[in-house]
Amino acid sequence: MSLRGRQARVTSLAPVCRFLIVTVGGLHFALPAERIQGLLTIEEAGSAGLLTVQNVTYTSIDLAGGLQLPADAEGPETRAVLLSHGNARGNIRVAQVHGLRELEQSRVLPLPGHFQGEEQTWYQGMVLFEDGIALILNPAWLLEGCGHGRASGMVNENDAATQLLPARPALAGGQV
Amino acid sequence: MLRPSLLRKQESGSRSCPLLIFSVGGRRVAVKTDEVAGISVWKKSTPVPSRTKYVSAVVRKDDEVFPVFDLAGLLRVKVEGDELLCLTAKHHRGAMAICIDQDMPVLHTLDIAAIQPYRGGEFDATGSFSSGLEQIPIISLAKLGSA
Numbered sequence: 001m002s003l004r005g006r007q008a009r010v011t012s013l014a015p016v017c018r019f020l021i022v023t024v025g026g027l028h029f030a031l032p033a034e035r036i037q038g039l040l041t042i043e044e045a046g047s048a049g050l051l052t053v054q055n056v057t058y059t060s061i062d063l064a065g066g067l068q069l070p071a072d073a074e075g076p077e078t079r080a081v082l083l084s085h086g087n088a089r090g091n092i093r094v095a096q097v098h099g100l101r102e103l104e105q106s107r108v109l110p111l112p113g114h115f116q117g118e119e120q121t122w123y124q125g126m127v128l129f130e131d132g133i134a135l136i137l138n139p140a141w142l143l144e145g146c147g148h149g150r151a152s153g154m155v156n157e158n159d160a161a162t163q164l165l166p167a168r169p170a171l172a173g174g175q176v
Numbered sequence: 001m002l003r004p005s006l007l008r009k010q011e012s013g014s015r016s017c018p019l020l021i022f023s024v025g026g027r028r029v030a031v032k033t034d035e036v037a038g039i040s041v042w043k044k045s046t047p048v049p050s051r052t053k054y055v056s057a058v059v060r061k062d063d064e065v066f067p068v069f070d071l072a073g074l075l076r077v078k079v080e081g082d083e084l085l086c087l088t089a090k091h092h093r094g095a096m097a098i099c100i101d102q103d104m105p106v107l108h109t110l111d112i113a114a115i116q117p118y119r120g121g122e123f124d125a126t127g128s129f130s131s132g133l134e135q136i137p138i139i140s141l142a143k144l145g146s147a
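Protein chains in written order, with the working numbering: chain P, 1 to 176; chain Y, 1 to 147.
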């Protein structure tokens, strides 16, 4: 699944950031593009939480559950986003992928200082998207505990079972 | 957008406090006018999953994004009306939006001597004053959520 042609390019020489905009639990989130290893359709990903793509294992991350958002029903727009941060690898099921967004770093808004709780570690800021915003997810937080395929933290409880499944053949669902 | 008709004339020599009185869930609340940045029509907010009490959404106005303080949640009421209003509050961490009832806020000048301690106790108020049989709490917008 190629996202080429769906991204808005910035032509200025100012430092730019690239984000993949997705919907999870009815909210828009921005994933830093440099952390994305690929996208799988639901046919490619199957129903198993743990994904093995090109001999790399991606632990399932239950983002909706972790943020107490309503779970998304699987549909034709559902995708599994493969993420990496350091040695950690994980995958998130998203209800919809809206494409890549490239914007000047100055357009990235900080999370307002009024948010004083744990959420300060969940988000790296916000970007304007459509008539609202998309929250920039912190990959370090998202992939906490995902290293070496070990489930912990926000990782889906079903992973204990899914990790027992034989590794699936590599499915390169298209690099971003 | 504010209705100034209820301004009480100051007596010369007395110290007065300019207040803005508005309703949240039918409950009247007063704030100091110098803590209010503006009143506008309420626009749809975007939820932000959060662990901060009463701060779990933002509202976008053009290219600016303001955190939303859930004053109705603090007062344990639900905002009333089909055309809700947005009170933009000056806060020590930056401006923030508060959804209030559609009833138009009114300006009111209060003699400082009329300010009494607030006895409600369910939230922090800097004081209160009597209006008929009603005790109207005076809330500090600048300190909301700081406790």
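Take the hints with a grain of salt, since some may be wrong.
Counterexamples of contact, computed for chain Y against chain P with all Cβ distances above 12 angstroms [what the hints assert, rightly or not]:
#, residue
1, Gly25
2, Val41
3, Val48
4, Asp62
5, Asp103
6, Asp111
Just the calculated beta-carbon pair ranges, DEER-fashion [stated by the list, open to error]:
#, chain 1, residue 1, chain 2, residue 2, range
7, P, Leu69, Y, Thr126, 35 to 41 angstroms
8, P, Leu69, Y, Ser146, 52 to 58 angstroms
9, P, Ala14, Y, Gly94, 43 to 49 angstroms
10, P, Gln105, Y, Thr109, 43 to 49 angstroms
11, P, Pro15, Y, Asp63, 16 to 22 angstroms
12, P, Ala14, Y, Gln116, 53 to 59 angstroms
13, P, Gln54, Y, Lys44, 41 to 47 angstroms
14, Y, Arg93, P, Gly86, 46 to 52 angstroms
15, Y, Ser140, P, Ala73, 43 to 49 angstroms
16, P, Val16, Y, Gly132, 56 to 62 angstroms
None of these hints come from the bench; they were simulated from the model.
Bear in mind the structure is a predicted one, so any value in this text is a computation, not a measurement.
Where is the CB? At the ideal position from N, CA and C, for every residue including glycine.
If you check each hint against the structure, which ones fail? When the structure is compared with the hints, numbers 3, 4, 8, 9 and 14 turn out to be violated.
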